[in-house]
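Participant: Sequence:
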Amino acid sequence: MKLGGAVLVAHLILGHTKGCTTWTMKVNEGGKSYGVVIVGSPNVNPGYKLVGNAPYPQITQDYERVRSLKHIILCR
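Taking my numbering, the leading residue of the sequence shown gets 149, the next gets one more, and so forth.
Bear in mind the hints are in silico, worked out from the structure with no lab data behind them.
Don't take each hint at face value.
What the hints assert, rightly or not - Computed Cβ-Cβ distance ranges for the label pairs, DEER-style:
#1 Glu212 <-> Gly183: 14 to 20 Å
#2 Asn176 <-> Pro205: 38 to 44 Å
#3 Ala158 <-> Val192: 20 to 26 Å
#4 Ala158 <-> Gly179: 26 to 32 Å
Note that beta-carbon positions come from the ideal geometry of N, C-alpha and C, so glycine has one too.
All chains, please: the whole structure from these sequences, using the hints.
Facilitator: Rendered as structure tokens:
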């Protein structure tokens, strides 16, 4: 998705609910280019299960996949 001069790429991989959207983009500052990740929700709500979660069995793998993005992580 283009927003002004920025191009944001959606990744449906991470979050407190299945299908939460995490975004990546490139940012230029001071002559340097950075990869940035905007995470939908990097935390786990109290009482929420990461292991043995029947409604969302792949939640742990989804949280682990964000590491593969290799960008600076921002939380919203």
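Participant: Check each numbered hint from earlier against the structure, then list the numbers of those it violates in ascending order.
Facilitator: none
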